[in-house]
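**Q** Use these hints to put chain B onto chain A, whose structure you have.
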Amino acid sequence: MQNPMIKIEELSASVDGKSILKGINLEIRAGEVHAVMGPNGSGKSTLASVLAGKPGYTVTGGKVTYQGKNLLELAPEIRAREGIFLGFQYPVELPGVSNLYFLKAAVNAVRKHQGLEEYDAVDFLELAKQKMELVELSTALTQRPVNVGFSGGEKKRNEIFQMALLNPKLAILDETDSGLDIDALRIVAQGVNAQRSPSVSMLLITHYQRLLEYIQPDYVHVLVGGQIVKSGDHTLALDLEKHGYAEFMSSPAQVGAA
Amino acid sequence: MVFEATPLAQRALGGRLELSGPLAELRRQGAALLEAKGLPGPRDEAWRFTSLRGVTDVPFQRANARESALRASSTPKHELAGAVSWVFGEVPAESVIQALPPGIEFWSSRQTGSIPAWAKASLSPEKGAPPFAALNACELEDVWCFRLSGSPTPLQIIYPGPVELTPSMLTPRVRVVVEAGAHACLIETTTPEGVAGASLTNSVSEIFVGQNAELEHVRISLGTPQSRQISSVSTELTRDSRYRSRLISLGGALTRTDLTVAFAEPGAHADLDGLYFASEGEQVDHHTVVEHRVGRCESLQKYKGLADGNGQAIFDGIVRVHQGATGTSAHQQNRNLLLAENAVIHTKPHLEIENDDVKCTHGATVGRLRLDEQFYLQSRGLDLETTRTLLVYAFASEIIDGITLPAARNLVRREFLKKLGNPELFAELTEA
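Chains as they are written, first to last, in this note's numbering: chain A, 76 to 333; chain B, 1165 to 1596.
Simulated from the structure, these hints should not be mistaken for laboratory data.
Do not rely on the hints blindly, as some may be mistaken.
Pulled a few chain A residues facing chain B out of the computed Cβ check, cut under 7 Å [claimed, not checked]: (1) PRO151; (2) GLU152; (3) ALA155; (4) VAL167.
FRET-style restraints, in silico, Cβ to Cβ [what the hints assert, rightly or not]: (5) B:GLN1275 to A:GLU193: 53 to 63 Å; (6) B:LEU1535 to A:GLN77: 32 to 42 Å; (7) A:GLY136 to B:ARG1532: 47 to 57 Å; (8) A:GLU208 to B:LEU1535: 28 to 38 Å.
A few chain B residues that face chain A, going by a derived Cβ cut-off under 10 Å, partial list only [what the hints assert, rightly or not]: (9) ASP1306; (10) THR1317; (11) ARG1534; (12) GLN1542; (13) ARG1544; (14) LEU1546; (15) LEU1555; (16) PHE1559; (17) ASP1565; (18) LEU1569.
Backbone N, C-alpha and C define an ideal beta-carbon position, used for all residues, glycine too.
Bound-form chain A, shown alone:
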């Protein structure tokens, strides 16, 4: 059987001494799209943050193997260069730094790490033009300072634009659907779907089933109280939509692994 893109085993993590993740087990193989759903405070965003290496989180147990490497010992920028992309729930604004420059620097840092030739300004602009159509971003917007004056929807589309340029092997999208109207959601989903391929894995973190109407996952996991309490195919998301998380909240965790 094919080696997993990422293998998470008994992962536990805390923030400020408070235990948030309590033994997560999850395997994602190349080409698979997994969705992690759960109520507020269940640890969904913590999982995304720990995988991408955000400071402030302490891993208290378990391990994460990404493409055969011990992921947890890599600096965040190395994880990015190795092909992990995190789409932020709240992207940061960078006044005075144009989106295109920022992305060129990012893409070239990744390419350099992977032994690929760096893009010059002309080639990069050409590439960026193709990708911006994908998420219906205007040229004007891509030349503006990073996320400055962008609407909520534009920021999320910009995240997907960045993802398209960075060409990750594992994309983690943290609540990418939050705060989006239906049109923005459709555009974001269209951008994500265009990047689905047998060599790319995705982890969608979401509270609502809505996003999954547009991006159909191969697997859905329910995260409650820092543990995955149920796993299934995309129909599980529909069940959750109907019945909510109540049944998982009242009883202690039933299942530990997918």
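**A** Frame of chain A; chain B shown alone:
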């Protein structure tokens, strides 16, 4: 103020240049003030955080202003494209003066032995000026007067560093009058580059903005580990005038700027921005005084400071709304970024309001680079150093991008990135 019999003041009061006419009168006024009040020390509130070690305890000799100017002119570094750029200290040849574009008029007090009527009447008296302005008056050799009556060509005045290797001092003084209704742009650049010995540049700029006139005033101070720069800038605004001041100080052993903006008549607007950056071994200090003497005027201040290494950055801003100045709107904001454990930021915004019917706000913040913001950039593959550079630049860019004149904006951007150790980013971050 307590008289400090400092070597610097004693020297100034000791040996006097033989001058006649208005310069002699200015010197007499300066000497009287200096004798009465002396130079400041740590007991003076306005100098509490600013160490004057290496300034008032050093008997700086008067530098050869002419040679200093000639050296700076022969190795032009910071001349702005498209501007009239003159280096203070050596009066240009008559043909050069004649060739000034219409709308810029020049007058050297030393050369002519007088101060023109248009520059005299309109300026506030020496009294009440910062103490170093009195020292400037005491030591001055020339006053350059400019009358701007609406030239599209910006005027740049460059203050060089002394040529001497021994502790030396330059004392530039300019008066700039913007005629009623005129639109003008003035850039002052202090560039003590190439100085090997300790240097003091003690400059005074007096600016008058006529009725319904508009002035963009950019002041860029670049420093060296040996340079002490003390600048007293005062601007008087008359009816319905508009003034945009951008004070940029990018280092030096000591770079202190006192900006006084006085509203003399109603309807005027002042937009005052500042950016200052002190790194290892540097003290950068801004004191602003905004005098709302009359009503219906508006002042907006936005100052941003950075301190790295063991650098010390100071902001002290006072807004005074005088009795009867109703309908005043005054807003002051100071934001600071600490980049190292040993770096120091002092901030002291204050308001004095003797009035009702005013809209005043002020605020100050001191923070560090945020880890969550760093993480965003790192998560895109950028290393920590690039990440920090971009975040620091993003912090400063609001002020840099607020400089209207592109050549001046680019000079500031280039020097800022150079100071951050990433000059190569200039091309990347400058819009084509």
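**Q** Please name the hints from earlier in the document that this structure breaks, with their numbers sorted from lowest to highest.
**A** The structure breaks hints 7, 9, 10 and 18; every other hint is satisfied.
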